[in-house]
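Student: Protein chains in written order, with the working numbering: chain V, 1 to 224; chain L, 1 to 222; chain C, 1 to 254.
A portion of the hints provided could be inaccurate.
Said to hold, decoys possible - Listed next, the in silico DSS-like pairs over lysine-lysine satisfying Cα-Cα at most 25 Å (straight line):
hint, chain 1, residue 1, chain 2, residue 2
1, L, Lys121, C, Lys85
2, C, Lys114, L, Lys121
3, C, Lys134, C, Lys114
4, C, Lys114, C, Lys139
5, C, Lys245, L, Lys121
Stated by the list, open to error - Computed, partial: chain L to chain V, Cβ under 7 Å:
hint, residue
6, Phe62
7, Leu73
8, Phe79
9, Leu81
10, Met82
11, Gly83
12, Leu84
13, Leu86
14, Phe89
Hints in this document: simulated from the structure, not taken from any laboratory.
Just so you know, even glycine gets a beta-carbon here, dropped at the ideal spot from N, CA and C.
Here is how the chains run, residue by residue.
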Amino acid sequence: MGELLFLQQDVFPALMQGLWVTIQLIIPSSILGLAAGVAVGAVRVYGHPLAIRAGNVYVTIFRGFPLVVQLFIWYFGLPHIGIYLTPFTASVLGFTLCSSAYHSEYVRGAFMSAKRGQMMAAEALGFSRLQLIFSVMLPQAFRRALPGCGNELIYLIKYSSLAYMITCIELTGQGKIIASETFRFTEIFMIVGVIYLFLTTVSSWGIRRLEARLRLPGFEHHRM
Amino acid sequence: MPASIDAILDALPYLLQGSLVTIGVVLGAMGLGLLIGVSLALGQVYGPRPLGVPIGLYIWFFRGVPLLVLLFLFYFGLFSLMGLNLSAFAVAAIVLGLISAAYQSQIFRGAILSLPEGQLKAARALGMSDTRAIVSVVLPQALRLSIPGWSNEYSIVLKDSAVAYALGVAEVMARAHFVATRTYEHLPLYVAAGMIFLILTFLGTRGLRMLEDKVRIPGYSR
Amino acid sequence: MSEDVPVLRVEGLSKRYGEKPVLEDASFSIREGELKILIGPSGGGKSTLLQCINYLVKPDAGRIWLDGDEVVPARKRELYAYRQKVGMIFQDFNLFDHLTALANVQIALSKVRKLPRDEARKRAVMELERVGLKDHIAKYPAQLSGGQKQRVSIARALAMDPKVMLLDEPTSALDPELITEVLAVIRDLGLEGMTMLMATHQIGFALDLAHEMIFMEDGRIVETGPPRKILSTADCDRTREFCGKLTDLYGEAR
Numbered sequence: 001m002g003e004l005l006f007l008q009q010d011v012f013p014a015l016m017q018g019l020w021v022t023i024q025l026i027i028p029s030s031i032l033g034l035a036a037g038v039a040v041g042a043v044r045v046y047g048h049p050l051a052i053r054a055g056n057v058y059v060t061i062f063r064g065f066p067l068v069v070q071l072f073i074w075y076f077g078l079p080h081i082g083i084y085l086t087p088f089t090a091s092v093l094g095f096t097l098c099s100s101a102y103h104s105e106y107v108r109g110a111f112m113s114a115k116r117g118q119m120m121a122a123e124a125l126g127f128s129r130l131q132l133i134f135s136v137m138l139p140q141a142f143r144r145a146l147p148g149c150g151n152e153l154i155y156l157i158k159y160s161s162l163a164y165m166i167t168c169i170e171l172t173g174q175g176k177i178i179a180s181e182t183f184r185f186t187e188i189f190m191i192v193g194v195i196y197l198f199l200t201t202v203s204s205w206g207i208r209r210l211e212a213r214l215r216l217p218g219f220e221h222h223r224m
Numbered sequence: 001m002p003a004s005i006d007a008i009l010d011a012l013p014y015l016l017q018g019s020l021v022t023i024g025v026v027l028g029a030m031g032l033g034l035l036i037g038v039s040l041a042l043g044q045v046y047g048p049r050p051l052g053v054p055i056g057l058y059i060w061f062f063r064g065v066p067l068l069v070l071l072f073l074f075y076f077g078l079f080s081l082m083g084l085n086l087s088a089f090a091v092a093a094i095v096l097g098l099i100s101a102a103y104q105s106q107i108f109r110g111a112i113l114s115l116p117e118g119q120l121k122a123a124r125a126l127g128m129s130d131t132r133a134i135v136s137v138v139l140p141q142a143l144r145l146s147i148p149g150w151s152n153e154y155s156i157v158l159k160d161s162a163v164a165y166a167l168g169v170a171e172v173m174a175r176a177h178f179v180a181t182r183t184y185e186h187l188p189l190y191v192a193a194g195m196i197f198l199i200l201t202f203l204g205t206r207g208l209r210m211l212e213d214k215v216r217i218p219g220y221s222r
Numbered sequence: 001m002s003e004d005v006p007v008l009r010v011e012g013l014s015k016r017y018g019e020k021p022v023l024e025d026a027s028f029s030i031r032e033g034e035l036k037i038l039i040g041p042s043g044g045g046k047s048t049l050l051q052c053i054n055y056l057v058k059p060d061a062g063r064i065w066l067d068g069d070e071v072v073p074a075r076k077r078e079l080y081a082y083r084q085k086v087g088m089i090f091q092d093f094n095l096f097d098h099l100t101a102l103a104n105v106q107i108a109l110s111k112v113r114k115l116p117r118d119e120a121r122k123r124a125v126m127e128l129e130r131v132g133l134k135d136h137i138a139k140y141p142a143q144l145s146g147g148q149k150q151r152v153s154i155a156r157a158l159a160m161d162p163k164v165m166l167l168d169e170p171t172s173a174l175d176p177e178l179i180t181e182v183l184a185v186i187r188d189l190g191l192e193g194m195t196m197l198m199a200t201h202q203i204g205f206a207l208d209l210a211h212e213m214i215f216m217e218d219g220r221i222v223e224t225g226p227p228r229k230i231l232s233t234a235d236c237d238r239t240r241e242f243c244g245k246l247t248d249l250y251g252e253a254r
């Protein structure tokens with residue numbers, strides 16, 4: 001009975017508070033990351049050669065540096081040049097930039113696989129370059145990029161736990177604090193793990209639903 | 001910032017020693033992941049149906065829970081509960097390996113399923129047992145096909161290994177942070193650490209591409 | 001061994017996929033040195049019959065005897081030993097893609113028959129010479145023509161000293177100009193007295209060499225008899241109709 005009381009009174013409120021921070025981290029990071037990823041991806045396909053090169057360097061660095069290193073750069077490194085970010089802001093910035101690099105890879109692949117003929121057809125109809133990217137290529141590319149981008153969202157949910165390493169106390173951080181106070185590491189990290197499992201499972205189910213919703217007849221065969 | 005460059009140069013030998021630790025964790029994790037991953041894939045493809053359930057649960061669990069949570073769970077929780085007193089290094093390698101196994105199993109599974117069915121049929125027709133056919137015919141081909149996926153998995157495990165810093169493993173990231181807090185040269189040191197990871201990614205994927213060329217079956221275009 | 005015991009005897013072999021029967025109550029036997037040809041439309045059950053004979057496809061019913069001994073496929077060791085004595089040639093060769101021609105022939109000798117390395121190698125070289133591929137032993141399947149691949153696969157089967165060979169349309173995946181070289185190898189085997197059951201559309205070859213023809217349709221053996229009779233004066237209308245078409249396609253029945 002005491003066990004249940006302990007869980008109810010101490011563990012759950014703290015973990016729920018942590019979960020709330022985790023969700024606050026994930027939502028802006030995923031939206032901003034996707035938006036930046038689409039922009040970078042589009043630039044890397046349709047942009048000026050110099051912009052393409054810059055885009056490639058951006059992606060190499062943000063995919064090549066471990067996310068922990070990136071978070072440390074934003075949180076501990078930026079003060080070096082006089083910029084001070086809160087742990088929360090540094091985390092969102094880190095997650096956004098890193099996931100935008102991954103998103104841009106999927107978006108780029110999706111744009112590249114779209115048939116050239118469609119671009120020519122749109123140009124022949126008098127579309128401007130920007131118009132044709134947004135109204136012809138993007139809707140197709142989005143469908144093609146969805147599985148990869150969806151995967152990236154799952155990764156983001158899991159990697160949001162790294163915010164704890166720059167002292168942003170989210171779900172994992174709350175778990176660590178209570179576990180260290182009570183020495184119940186196994187139980188508490190099991191509960192924390194199950195909460196993440198719930199988040200990742202529900203999200204991947206949602207993404208699959210979305211994919212099914214957006215499926216165009218006959219289009220799935222062209223997917224890579 | 002000449003002071004920053006000095007700071008990096010001073011710390012470089014120390015960081016590079018850390019890269020040996022990083023490489024050790026990654027090799028251990030990839031090896032363990034290969035062993036378990038191949039077993040899981042073989043179990044999924046050739047095993048009896050009921051075996052699919054625990055394998056599916058394993059993959060679901062290790063793909064769905066964050067690395068950091070698993071590191072804490074195993075290091076502070078499960079292993080000491082089991083009475084094992086493992087070093088942080090060992091725990092990091094094992095946990096990364098358990099996670100990687102879940103991903104690697106999907107790589108191998110895809111490779112096995114992409115082999116023509118006739119390969120197994122021909123082996124059976126010669127009187128090979130299923131085990132013999134898998135060892136002599138399926139695996140040599142499936143492992144070759146897995147190298148590109150494996151290369152991708154390597155770069156992920158390599159970057160994830162920086163999280164082992166949370167347990168106090170003296171790998172590249174931990175060392176960069178240690179020096180940074182003493183010299184207050186945070187930015188240059190983290191960038192240096194990031195570059196080391198970038199170089200290790202490059203070298204590793206390069207090596208795997210060379211391996212892929214070396215074991216490529218002549219005349220076989222992919 | 002008594003003269004009148006067939007090398008291979010099959011009784012009541014049946015197979016269905018779901019509701020659809022693909023092989024119904026097939027029975028026949030082959031004596032030593034005989035070459036029997038299976039003909040019939042695609043999807044008629046020829047391939048299923050051949051694959052059921054060495055249990056690559058598990059038949060739902062039926063019994064099989066090799067040299068008078070009944071095969072019990074549930075006993076794994078016995079099944080593996082039986083398969084070694086039944087050579088199988090596939091339509092699409094199924095060479096092991098990661099092994100050279102030599103290693104393809106050698107692997108079962110080493111791993112299944114457990115011959116010492118040198119002996120296995122010597123035997124493999126010999127078999128490859130026998131099918132005229134002496135100069136190609138170090139090549140990988142992807143470096144060989146279709147005809148060469150099929151000859152390697154014949155060498156691979158021969159190396160196991162089979163009592164009987166099952167050939168599942170061995171030339172139908174080949175370009176026309178490569179068919180002859182494979183048929184020549186099979187012809188030589190027949191002349192050397194190899195017992196064979198072969199599914200094929202090569203009517204001319206069948207007329208020259210077959211001892212008997214088995215016509216299959218819709219999973220049943222419809223008619224059995226000497227090639228010349230089956231081709232020209234078959235009892236069954238369907239057999240005559242099919243053979244007429246084959247003759248048109250693959251040359252005159254001489």
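Student: Against each hint, give a clear statement of whether it holds in the structure.
Tutor: Results for each hint:
Note on Lys121(L) and Lys85(C): the hinted pairing holds, with a Cα-Cα distance of about 16 Å set against a maximum of 25 Å. The straight-line distance between the Cα atoms of Lys114(C) and Lys121(L) is roughly 20 Å, inside the 25 Å bound, and the hint therefore holds. A distance of roughly 24 Å separates the Cα atoms of Lys134(C) and Lys114(C); the hinted pair therefore holds under the 25 Å criterion. Note on Lys114(C) and Lys139(C): the hinted pairing holds, with a Cα-Cα distance of about 24 Å set against a maximum of 25 Å.
A threshold of 25 Å between alpha carbons decides the hint, and for Lys245(C) with Lys121(L) the separation of about 32 Å lies outside it, so the pair is violated. Because the beta carbon of Phe62(L) sits about 10 Å from the nearest beta carbon in chain V, more than 7 Å, this interface hint is broken. The criterion of a C-beta within 7 Å of any C-beta in chain V is met by Leu73(L), whose closest approach is roughly 4 Å, and the hint holds. The closest approach between the C-beta of Phe79(L) and any C-beta of chain V is roughly 10 Å, which is over the 7 Å cut-off, so the hint fails.
Evaluation of the Leu81(L) hint against chain V yields a held restraint, the C-beta minimum of about 6 Å falling below 7 Å. Look at Met82(L): its Cβ only gets to about 10 Å from chain V, farther than 7 Å, so that hint breaks. At a threshold of 7 Å, the smallest CB-CB gap from Gly83(L) to chain V is about 13 Å, leaving the interface hint violated. Because the smallest distance between the Cβ of Leu84(L) and any Cβ of chain V comes to about 13 Å, over 7 Å, the interface hint for this residue is violated.
At its closest, the beta carbon of Leu86(L) sits 14 Å from a beta carbon of chain V; the interface hint therefore is violated under the 7 Å criterion. Checking Phe89(L) against chain V: minimum C-beta separation of about 17 Å lies over 7 Å; hint violated.
In this structure, the earlier hints numbered 5, 6, 8, 10, 11, 12, 13 and 14 are contradicted, and the remaining ones agree with it.
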